[in-house]
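Whenever a hint applies, use it, and build me the whole structure from the sequences.
Number of protein chains: 2
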Amino acid sequence: MKARGFLVVLSGPSGAGKNTLLSAVLPRIPDLKYSVSATTRPPRPGEKHGVDYYFLQDDEFQEMIDRGEFLEWAEFAGYRYGTPRRFVEECLAQGLTVITDIDIQGARQIKQRMPDGVFVFLLPPSFEELEKRLHKRGTDSAEAIGRRLKIALEEVAAIVDYDYWILNRDLEEACEQLVAIIRAERARVSRTDLSTLPL
Amino acid sequence: MKARGFLVVLSGPSGAGKNTLLSAVLPRIPDLKYSVSATTRPPRPGEKHGVDYYFLQDDEFQEMIDRGEFLEWAEFAGYRYGTPRRFVEECLAQGLTVITDIDIQGARQIKQRMPDGVFVFLLPPSFEELEKRLHKRGTDSAEAIGRRLKIALEEVAAIVDYDYWILNRDLEEACEQLVAIIRAERARVSRTDLSTLPL
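In order, the protein sequence lines correspond to chains A and B.
Read in order, the letters of the first sequence correspond to residues 1 to 199 in the working numbering.
Read in order, the letters of the second sequence correspond to residues 1 to 199 in the working numbering.
Hints in this document: simulated from the structure, not taken from any laboratory.
All values derive from a computational prediction rather than experimental measurement.
In this text, a Cβ means the ideal position worked out from N, Cα and C, and glycines have one as well.
Do not take every clue at face value.
To be verified - Here chain B is said to cover these stretches of chain A; the calculated rule only asks that three of the stretch's residues, wherever they fall, bring their Cβ under 8 Å from a Cβ of chain B:
id : segment
1  : 121-130
2  : 151-160
3  : 176-187
4  : 192-198
Unchecked claim - Computed Cβ-Cβ distance ranges for the label pairs, DEER-style:
id : chain 1 : residue 1 : chain 2 : residue 2 : range
5  : A       : D31       : B       : Q62       : 49 to 57 Å
6  : A       : E69       : B       : G146      : 56 to 64 Å
7  : B       : D66       : A       : R169      : 47 to 55 Å
8  : B       : D170      : A       : G95       : 16 to 24 Å
Said to hold, decoys possible - Just a sample of chain A residues kept apart from chain B, beta carbon distances all over 12 Å, derived:
id : residue
9  : S23
10 : R44
11 : A144
Right, here's the structure in full:
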């Protein structure tokens, strides 16, 4: 009774903790594949090319756009981010679950192209906590943080277009929640090949 | 961010293990309430009135029908089974999750009245296993078992109208699956009061 593959899009305001949550969930679910995004933003300390992101020059990114190699791409806080199409499509064809963390604009594009994807909105516990986290990360200037916060406030309205929400107050709890969502979605009748039923 | 209450309907062929699964899941989920069904069938050994079922006489059952006190009722293998309406409605109004195990006919009626319920189809691992279980239960005559098996085969076609399926090969696994489904459904944006968001 093999389920068809599907894409899980983890989105939410910058600083909500998408990346940390993703890293915690990946080892817990068999056959869950991470779709590495491409970006023109410079690596943060410790980030690795091909693992955290494909770090590209502006012209390299543009070439991928021109060749139609992105499932979605968007500009966010001065940099471009995109989801390479081929990896996702190959995994889905094999019946695997793919997960990706992308910003709200990108998620909106994916929803139009893959309405049967699973859209999960990650919320920071509060606006104050979000501000604290962005400062603590230490990778953005005060101006950039202000810009991200303003965007975050606007972005929360987008939650109405999502299937699920997770409040990122406690990482373990958020992680269990995301695992439950993925398990449940794998058990959806609409994702199942009914010709393989045991009865 | 309190979720609205919803009803989880666990259904599937007779002998799939609905009752056993339900008993295993109830202690694991806080605020999950069991809706006790009413029936005209006599109690099996160990079954208690008000806990496993409300065991009613034919005329008592008929009076409840006449007063509109059932959310659904159906006749199955010579007996009548029904879901008392008041308990379910009171729990849902309080934001609680209610679970009930009912046969396929009853589930179909509930789906018409409560399309936002969560419909879970429980499958026995195989037809042979189903037959074995019904014999082992020792509560039905060979003729009654034959009738139940014939009905089971026809009933599996109803799975297309359900949201989720669970294969009851291993009780612990089936239990985790049902817990995941209920957790996920509680995190659905469409079941959430968005005015209480932290941002």
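Cross-check of the supplied hints:
Check on the segment 121-130 of chain A: 7 of its residues sit with their Cβ under 8 Å from a Cβ of chain B, so the three-residue criterion for coverage holds. Interface restraint, the segment 151-160 of chain A with chain B: holds (5 residues with C-beta to C-beta distance below 8 Å; minimum three). Residues of the segment 176-187 of chain A lying with their CB closer than 8 Å to a CB of chain B number 9, which satisfies the three-residue condition for coverage. Chain B is given as covering the segment 192-198 of chain A, and this holds because 4 residues of the stretch bring a CB closer than 8 Å to a CB of that chain, at least three being needed.
Evaluation of the 49 to 57 Å hint for D31(A) and Q62(B) yields a pass: the beta carbon distance comes to about 52 Å. Judged by the Cβ atoms, the range 56 to 64 Å given for E69(A) and G146(B) holds: they are separated by roughly 60 Å. About 50 Å separates the C-beta atoms of D66(B) and R169(A), a value consistent with the hinted range of 47 to 55 Å. In this structure the supplied range 16 to 24 Å holds for D170(B) paired with G95(A), their Cβ-Cβ distance being about 22 Å.
Residue placement check: S23(A) keeps its beta carbon more than 12 Å from all beta carbons of chain B (closest about 20 Å). Listed as outside the interface, R44(A) is consistent with that label: its C-beta sits roughly 24 Å from the nearest C-beta of chain B, beyond the 12 Å cut-off. With a minimum CB-CB distance of about 19 Å to chain B, A144(A) clears the 12 Å threshold, and the non-interface call stands.
In this structure, every one of the numbered hints holds.
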